[in-house]
Amino acid sequence: MEIVQASKTDLKQVHPYTERALTEGTLGYFKGGEEKAKAMMEKVLSSNGKLLVVKESGQLAGWILYGTQNDSMTDLQSGFIYELYTLKVYRKKGYAKRLMEACIQDLNAQGLQEIRLAVYQGNEAMELYHQLGFSETRIVMSKKISG
87 MEIVQASKTD LKQVHPYTER ALTEGTLGYF KGGEEKAKAM MEKVLSSNGK LLVVKESGQL
147 AGWILYGTQN DSMTDLQSGF IYELYTLKVY RKKGYAKRLM EACIQDLNAQ GLQEIRLAVY
207 QGNEAMELYH QLGFSETRIV MSKKISG
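In terms of my numbering, the sequence shown opens at residue 87 and continues consecutively.
Because the hints were derived from the structure by calculation, they are not lab data.
Treat the hints with care, as some may be off.
Unchecked claim - With a cut-off of at most 30 Å between alpha-carbon atoms, the simulated BS3-like pairs for lysine-lysine come out as follows:
#, residue 1, residue 2
1, 179, 230
2, 117, 94
3, 136, 179
4, 122, 136
5, 122, 141
Could you build all of it, start to finish, from the sequences and the hints given here?
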């Protein structure tokens, strides 16, 4: 198992899975399609975002997409994890945790004091995030209306 910064070849291998990653990560809320998912990733990468991939025997097993954001309330810069995904056949091997640790180490080396992420209630990754010291700081609520 190795974790490396994604090459152009790696990115081409990731792209076919981005829609699935967003759909699973949002518990089915994402309905944007493959092109929108790809465009969202490209936007992060074009704004100094990073994509780390984990490989097993040279094969793509998962990735983490992250970068930095300025907080509109405090004007402080923080790290932000946009996407964490492990292909189903590689789950339960600790790869997601290793990707998170590599990301945290990189953002810490950049001198950032906080890392944020957004996760849907019920997403299994919440357990991992708690194990790594993340805690809830905001709650977004919604209400269905007929409008």
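Checked hints:
no., hint, in the structure
1, 179 with 230, "38 Å, violated"
2, 117 with 94, "26 Å, holds"
3, 136 with 179, "23 Å, holds"
4, 122 with 136, "18 Å, holds"
5, 122 with 141, "25 Å, holds"
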